[in-house]
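Q: Following the hints, position chain B against chain A.
Those protein sequences? They're chains A and B, same order as listed. Taking the numbering used here, the leading residue of the first sequence gets 1, the next gets one more, and so forth. Taking the numbering used here, the leading residue of the second sequence gets 369, the next gets one more, and so forth.
In short, the hints are calculated from the structure, not lab data. Note that CB positions come from ideal geometry on N, CA and C, so glycine has one too. Certain hints may be false.
Taking lysine-lysine pairs in the PhoX-like style, the calculated list, with each CA pair at most 20 Å apart, reads [said to hold, decoys possible]: (1) B:K436 - B:K450; (2) A:K304 - B:K383; (3) B:K672 - A:K15; (4) B:K448 - B:K628; (5) B:K436 - B:K448; (6) A:K260 - A:K80.
To be clear about the criterion: a stretch of chain A counts as covered by chain B if any three or more of its residues have a C-beta under 8 Å from a C-beta of chain B, and this derived list gives those stretches [to be verified]: (7) 109–120; (8) 236–248.
So you can see what is in the structure, the chains are spelled out below.
There are 2 protein chains.
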Amino acid sequence: MGARARRSPFFDRAKARGACMYSIYNHMLFATSYGNPGREYDLLMNHAAIWDVGVERQVQLEGPDAMKLAQLMSPRDVSKCKIGQGFYTPILSRDGGVINDPILLKLSEDKIWLSIADSDVKLYAMGLADAMELDVVVTEPDVSPLAIQGPRAEDVVAAVFGEEIRAIRYFYFIETEIQGIPVVLQRSGWSKQGGFEIYLCDGSQGGELYDLMWAAGETLLGENWGPGTPNPIERIESGLFSWGTDFDEQNNPFECRLGKWCDLEGDHDFLAKEALLRIREQGPREQLVGLHLAGSEPLPGAVKPMQLTRKDGSEIGTLRASTWSPRLERNIALARVLTAESELGNTILAEVADGSMVEATVVDVPFV
Amino acid sequence: MGARARRSPFFDRAKARGACMYSIYNHMLFATSYGNPGREYDLLMNHAAIWDVGVERQVQLEGPDAMKLAQLMSPRDVSKCKIGQGFYTPILSRDGGVINDPILLKLSEDKIWLSIADSDVKLYAMGLADAMELDVVVTEPDVSPLAIQGPRAEDVVAAVFGEEIRAIRYFYFIETEIQGIPVVLQRSGWSKQGGFEIYLCDGSQGGELYDLMWAAGETLLGENWGPGTPNPIERIESGLFSWGTDFDEQNNPFECRLGKWCDLEGDHDFLAKEALLRIREQGPREQLVGLHLAGSEPLPGAVKPMQLTRKDGSEIGTLRASTWSPRLERNIALARVLTAESELGNTILAEVADGSMVEATVVDVPFV
Chain A
1 MGARARRSPF
11 FDRAKARGAC
21 MYSIYNHMLF
31 ATSYGNPGRE
41 YDLLMNHAAI
51 WDVGVERQVQ
61 LEGPDAMKLA
71 QLMSPRDVSK
81 CKIGQGFYTP
91 ILSRDGGVIN
101 DPILLKLSED
111 KIWLSIADSD
121 VKLYAMGLAD
131 AMELDVVVTE
141 PDVSPLAIQG
151 PRAEDVVAAV
161 FGEEIRAIRY
171 FYFIETEIQG
181 IPVVLQRSGW
191 SKQGGFEIYL
201 CDGSQGGELY
211 DLMWAAGETL
221 LGENWGPGTP
231 NPIERIESGL
241 FSWGTDFDEQ
251 NNPFECRLGK
261 WCDLEGDHDF
271 LAKEALLRIR
281 EQGPREQLVG
291 LHLAGSEPLP
301 GAVKPMQLTR
311 KDGSEIGTLR
321 ASTWSPRLER
331 NIALARVLTA
341 ESELGNTILA
351 EVADGSMVEA
361 TVVDVPFV
Chain B
369 MGARARRSPF
379 FDRAKARGAC
389 MYSIYNHMLF
399 ATSYGNPGRE
409 YDLLMNHAAI
419 WDVGVERQVQ
429 LEGPDAMKLA
439 QLMSPRDVSK
449 CKIGQGFYTP
459 ILSRDGGVIN
469 DPILLKLSED
479 KIWLSIADSD
489 VKLYAMGLAD
499 AMELDVVVTE
509 PDVSPLAIQG
519 PRAEDVVAAV
529 FGEEIRAIRY
539 FYFIETEIQG
549 IPVVLQRSGW
559 SKQGGFEIYL
569 CDGSQGGELY
579 DLMWAAGETL
589 LGENWGPGTP
599 NPIERIESGL
609 FSWGTDFDEQ
619 NNPFECRLGK
629 WCDLEGDHDF
639 LAKEALLRIR
649 EQGPREQLVG
659 LHLAGSEPLP
669 GAVKPMQLTR
679 KDGSEIGTLR
689 ASTWSPRLER
699 NIALARVLTA
709 ESELGNTILA
719 EVADGSMVEA
729 TVVDVPFV
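So that you can see chain A by itself, here it is in the shape it has in the complex (with noise of 0.2 Å):
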């Protein structure tokens, strides 16, 4: 790996922990295995786990034109987030395409931080910004989440940060320091298991933080703790789509299953809204959906986008991503395929790693 690949600052905490494979998400390494997926599988479900994603790198808005800002790009009516409060919101181009999906965190009246997936979000606000002359920098400040996820996530936050934070709500933070380290503590993280993300303010004391939040978990979970990393099984089992992988910005959000986060009736006005306004209208290319595929052995799961066809042979889209599901003992997908092709209990073929078609049967997600 080259200087070009920037490193997280729990980066030599990670590796001691025995992290073995690396992406690379905003320009910078990410963490993806610690050599155990079943194990890891296991702290996520039933204990808790500690991951460095440092990658999900802030996008700050900051100045008297924030908000407007953000607001331009969000389909959401941002003003109703309070200050304190995240707000999950697609990024949207003017001609309506998925750019990102990040939480937005709005710190203050004329201070918000996109919290975002793998793509230079903040590039297309510097546009706008630039462009219009707005009063605003856009900047990526020094803040590097770490996630404790899991049933027992929140004890080990508490057992660090105190009982009161058992009372911050979903998406909600708050501005604080543990042993003289600045941090942002809110009740979010890539998974349905419950967690919180520490959003670290000083890069240089991530080692400081890590070992803080190691140790307590340590102390309350003894065995049933240990590092972890977004988990591709969890997340596609609880239809938690990613940015990049299932769907991108030649995507609308309604071929994604971000409709419901388009408020087209509110009174506010952002760029995308003409656009949506009419794909709504014309009806969605495409529709994200889960797939049961046919088998009752694990497959190897995707490693790249892989063919979607009729019986007849005929493309109708692309699998984005599968898994080998424990909870449901089945080979499950998440694809995304023409709107035709889209209802429930409708039965195609999907092209799986060694090249051979099997069968698959579009449901819902969720899939648990």
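A: Just chain B, lined up with the frame of chain A:
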């Protein structure tokens, strides 16, 4: 590697030829090694090699306002670029940050490609176009470069495309096809050893194009032909700076040897003009320099930005990339240091991979 990492149209061929290490660049898998660095360097320096550089994505600006949009982002007078010509240019935000440093290819008066380094500059261009409601469509077309580089590259390319390609001047290009495969053929490439980039314009024909070029190289050069990658040794020796490694959007052009591309005297207007005039007046804070590192044995190359200090230990910058130079038989590096420390001959200390500090002398680039 998950499905998020896209694959080049040449991916399967490169893998079959021995690609064994990958990075991710513009959200794509980027083959960075074929397992024999000495041979790859030799092929590039003395013969010819074929590189899968499909990760060099094109940002296409198409429509009546294409040139206007390109000019907003470029400090050069892009009206001087002829159809069929390429222009190296920084892409600058309003505050003068270097967002990318592509080759701009002018395919027609209303069709431009920006052949980019590793950042989503498409999003910046879209932000400008969306905010200003420009009559231009910004896309990433299905175009993937394949490079033939080295002193014999021209012979290989001529064997396939005909002797007339020898007349193509540096950065100029032609739109043509070979055995039904549509391509843009440009004299360019990310080395100083000469060569061409063949921009495949139909991703479904990647294997055919690769095989065609492979066969021509093998016939002509036999054992003196093989696969390679943009070469980390040659590029440092030759002073080919790399956006994302040596500098990025935190830097202005005067800090990273791009000042000569900033035309502040012409009649053309662009977003960064005011900022550049101010920065030129104030003088840049730091400079991109070459370093000779002490010691006569090869040091391991930097895998992240390394610390640079004065002899008293105070920080003065970062070493961005380093290598053992076969041509100079010494360790060399590219670094960013405070302007006051950038004069030739200045002696400083540089951190190396094992954490120790070695003496380093500021020298001019290119090194050879």
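Q: Look at each hint and say if it fits the structure.
A: Verification of the hints:
1. Distance restraint check for K436 (chain B) and K450 (chain B): the Cα-Cα separation of roughly 15 Å lies within the 20 Å cut-off, and the hinted pair is therefore satisfied.
2. A threshold of 20 Å between alpha carbons decides the hint, and for K304 (chain A) with K383 (chain B) the separation of about 15 Å falls inside it, so the pair holds.
3. About 15 Å separates the Cα atoms of K672 (chain B) and K15 (chain A), which keeps this hinted pair within 20 Å; it holds.
4. For the given pair, K448 (chain B) sits about 16 Å from K628 (chain B) by alpha-carbon distance, which is consistent with the 20 Å threshold.
5. For the proposed pair K436 (chain B) and K448 (chain B), the alpha carbon gap of about 13 Å is at most 20 Å, so the pair holds.
6. Restraint check: the Cα-Cα separation between K260 (chain A) and K80 (chain A) comes to about 16 Å, which is no more than 20 Å; the hinted pair holds.
7. Under the rule that three or more residues need a Cβ within less than 8 Å of chain B, the assignment of the stretch 109–120 of chain A holds, with 3 such residues.
8. Coverage of the stretch 236–248 of chain A by chain B holds in this model, with 3 residues showing a Cβ closer than 8 Å to a Cβ of that chain against a need of three.
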